[in-house]
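S.K.: Take a look at the letters that make up each chain.
Protein chains: 2
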Amino acid sequence: MLAAELDNIETLKKEVNISKILFQSASNEKKNAALENMIEALEKNRKKILKANELDLKSAKLLLDSGKMNISAYNRLKLDEDKFRDMIDGIRKVIQLEDPANKKVWAMRLDNGLDLYRQTCPLGIIGVVFESRPDVVVQISSLMVKSGNIVIMKGGKEAQNTNIILYETITKALNSTYGMPENVVNMILTRHGFQEILKLDDTIDLIIPRGSAEFVKWVQENTKIPVLGHSSGICHIYVEPTAKLDEAIKICVDSKVQNPSACNAVETILVDYEIKDKILPELVKKLQENGVEVRGCSECASMLPDIELADEDDWFTEYGDKIVSIKIVRGIYAAVRHINKYGSRHTDCIITEDKDIALAFSNNVDSANIFVNASTRFSDGFRYGFGAEVGISTNKIHARGPVGLEGLTTYKYLLYGKGQTVQEYCKGEKHFIHKRLI
Amino acid sequence: MLAAELDNIETLKKEVNISKILFQSASNEKKNAALENMIEALEKNRKKILKANELDLKSAKLLLDSGKMNISAYNRLKLDEDKFRDMIDGIRKVIQLEDPANKKVWAMRLDNGLDLYRQTCPLGIIGVVFESRPDVVVQISSLMVKSGNIVIMKGGKEAQNTNIILYETITKALNSTYGMPENVVNMILTRHGFQEILKLDDTIDLIIPRGSAEFVKWVQENTKIPVLGHSSGICHIYVEPTAKLDEAIKICVDSKVQNPSACNAVETILVDYEIKDKILPELVKKLQENGVEVRGCSECASMLPDIELADEDDWFTEYGDKIVSIKIVRGIYAAVRHINKYGSRHTDCIITEDKDIALAFSNNVDSANIFVNASTRFSDGFRYGFGAEVGISTNKIHARGPVGLEGLTTYKYLLYGKGQTVQEYCKGEKHFIHKRLI
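Read top to bottom, the protein sequences are chains U and S. Going by this note's numbering, the first sequence opens with residue 1, and the numbers climb by one from there. Going by this note's numbering, the second sequence opens with residue 1001, and the numbers climb by one from there.
All the pointers check out, no bait thrown in.
Once the Cα atoms are required to be at most 27 Å apart in a straight line, the calculated DSS-like pairs of lysine-lysine come out as:
hint	chain 1	residue 1	chain 2	residue 2
1	S	1172	S	1051
2	S	1322	U	427
3	U	286	S	1430
4	U	83	S	1430
5	U	30	U	13
6	S	1276	S	1322
7	S	1341	U	103
8	S	1322	S	1286
9	S	1285	U	418
10	S	1322	S	1285
11	S	1276	U	418
12	U	30	S	1355
13	U	14	U	157
14	S	1199	U	224
15	U	341	U	355
16	S	1104	U	104
17	S	1355	S	1278
A short, non-exhaustive set of chain U residues, derived as facing chain S with CB atoms under 7 Å:
hint	residue
18	108
19	116
20	205
21	247
22	364
23	369
24	371
25	375
26	384
27	396
28	413
29	416
30	418
31	419
32	420
Which stretches of chain S does chain U cover? Using the computed rule of at least three CB atoms under 8 Å from a CB of chain U, they are:
hint	region
33	1105-1117
34	1239-1253
35	1366-1380
36	1383-1395
37	1408-1416
38	1423-1435
Since the hints were derived computationally from the structure, they do not count as laboratory data. From the three backbone atoms N, C-alpha and C, an ideal C-beta is built for every residue, glycine too.
Chain U extracted, bound-state conformation (with noise of 0.2 Å):
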C-alpha cells in the first residue's frame, strides 16, 4: 500500500494488522516463491527502474552543482546496471537463506503428554528509514518476506521516482504470488506520514532507522516504539604492552582507512604508556602516510610535535573521515575506563598476546562487540556470517551487535496437552518432570 497522505494512515494501520496475521505463518517455500517473483518482475522492469533513476539523478544534479547536495550522498543515488546486478544477487542470496521464523529453539516436556516448545515467529509489523540509497527498497522488502514480517517503508525524497517505481514492481510481483497476503510491503512518501508513523506503537513492533547519528537520535526521542540501531560508533583499539608492534599498526590503519565513514572505524586509540616510545612514531607515521590527520592527548603531543593536539571533545566524536585521535592511558584499567565513558557500546578491539589481559578487557567493556588482535572493520553483518544485515545495534534489549533475520524475529510458546488442570499439579496428585528435548 502506497500511503502519500496522511488520511491514509488509519486505513494503512488496519490493513498492515490484518496482513500481519496471514503472514506471520508463511511457508520458507511461499516466502521463495515471492522473492522469486521479485527478482524476475525487478529483471523485467530494469529499464523503466533505470529510467525513473535518472530523473532523480538530474534533479540531484541541480543540487549538486548549486553545493546544496555533496558528491557521495549523489554516487549512493546513482542506480546503474552493476548496482541493479547486486540487488538481484542480493535477493538470491535471502532466498538461499535458513528460514529464521516457524523453528522450534527449545522445548521442555512438562509433564508426559504436556510438551512446551519455543518457536520463533515475526516481529510482525516494522517500520524502516532510510537516506537516499533507492537499492535499499528492494534489500529491505527481501529481508522482510523472508522473515515474514509486514514493512513499512519511508525512503528519502530525492529517490523519489526510484523508489515508487521499485515498490510498485515489487509490490505487484508479491501479489502474484499465490497465497500471499495483500500489503506485505508498504511505503510512505511523506515526512508528515512518517511522523505519524512514530505514534503508532499500538501496530509498529520495531523501527529500524538508517541514517545519520543525528537522525537515529531524532527518531529514538520521537516515538515509544523499540528502535533497532546505534546513533553512533566511536570504536577503540587499546595497543597493550605485550602487543606485536607490527601488527598492531596494521590493525590501526586497517581500522582507521579501509572506510573511515563506517560506523566500525577507529575513531581513537589507547597507546600503553610503557610502549609508547616504541610504537608512537612509527604508527603515527603509517597513519599519516595513509592521508589521516592525527591528534593527541597532550603526553602524545609533546612526544610529536607534528600532530595536533585533542582536546576533550576528541574523545567522543565520531569523525566519519580520515582522522583519529590518540591518547597515552597506564594499564589495561586506564584503556577500559577511557572506552567505557567515552565510547559507544559499539565496537573496541585490544591488541595484546596475554591471554588474560585479552580476558579482562572483553569481561569489563562494555560493548556489543569486542575484538582481540582484528581489526574493528570486521564487525559487520556479512563478515560474521549471517548472510544479511538489518543493522547494528547497540542496544542491550533484544538484538546486540550486527543483526541478521534472526533480529526481525520473536518466538512465542506452544504448550500442548491432554486436559490437564493446574490443580492437579497443586496438589499433589500428578507431577511435574520438567525434561529438556530441545
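Place chain S on chain U using the hints.
M.R.: For chain S alone, kept in the frame of chain U given last:
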C-alpha cells in the same frame, strides 16, 4: 546503597555504574557464595526481621480497620515463619540454577585463526518496583545476584520497615563476600526517588514493575527505559467443535477458579456455535457451582436466562475475580479475530481434537503463550521449568512470555584474531570460511 533522598540519585548513578563493570563477569562460584552468605545472614537476623514486619503490620492494621487497606493486601504484607522459610528455600533454588551469564551460546569460525563467539552477559543495571510483599526484596536480590546484575529496588511504603531490614541484611552479607563489588543491591525509599530513577535511561537497562495493570501502564508511559512486563492478562479459551466436552469444562473451570486474581486466569470463553447446545448449560452450571459469576453474549444469554448480559466492555476486561464472560463464535477465524482484537497477547487456549485446527490457531493468534488442551494457569516460569520467574512479558522485543534468568541477560560478540585486516578480505587475498563451531 540506600537512597532515601533525591540528593543521593546522582551518587547512586555513579556508584552503580562502577559496580556494574566490576560485577558483570563474576563467576558462578562467587555469586553462589554471596547467595549462601545471604541465607546465613537472613537466618541469623530472622527474629529482627519478623519484628520489623510486626511494626509494619501494626500500621497496616489501622488501615485495614478503617477500610483503607483490603485483607489480601494485608496478608501479602505479612511475613511469618512459613513465608520466611519459603523465602530462604527460594534462594537455595536460585543457587542450584545454571549461571545464565558468561555462556558461549553460538560461535562461528570466520577464517582459520579468526573465531567469533556470542557470549551471554548480564544486562547491567535493572530497576524493580513492587507493591506490598516484602519477600520480593529477597527474591529479586537473589535473581539479580545470580544473573550478575545490579538492582535498584523500590518497595511499597507500607512494608518499609521490613524492606529496610531485609535490604540491610542482604547488603551486609553481599559486602562480606570476598571479591563482591559494593552496591549490587540498592533501595530507593521515596516515590520521588523512584520518579528520578525512571529518568535514568542512560544508566538503567530495564525496568521491571510488579503491581496492578494501571501501575504497569503508568510506568510504561513514564519512562524511556525498556519495561518488562504486562499491563493486563485478558486470556481466552476457545472451545472448538471437536473438543472433548468434559475436558473442556474441566480446563475452563481450572483456568478461572484455581486462582482468579492471577494474570493467567481465563477471562473470556469462546464457545463454537456448533456445540453450544451440547456444552453451554453444563459449562455454566459447573462455573456457577464454583462460585463464578457468568456473563454472556446476547445469543448466550437468550439460551440461559439466568446469566447476566455481557457488554462490549466485558470483552476488554480483566476481572481478576470469579467472573467470566462467554461468547458464542462461528468457527476458528471468528475466535482468532476476537482474541486478537480484545486480548492482551498473554495466554490463549484452544480445546480441540483436530491437529490442523490447533495449528491454524497457534499460527494466527498473536500471543506470547498459545495452549492446546491445557489450563491457561500453566503459563508461569516455574511450571515452564525455568526454575525462577522474573515476570511475564507481553512485549515482543527482548523477552516474551514467562521470563526466567535468561531474560536478565544480553550477549556480546567476542572476536579472537591474529592480526587480520578487512582489506585482505576485500582485496581477495584471504577468504571467509564461515564455519559454525557452536
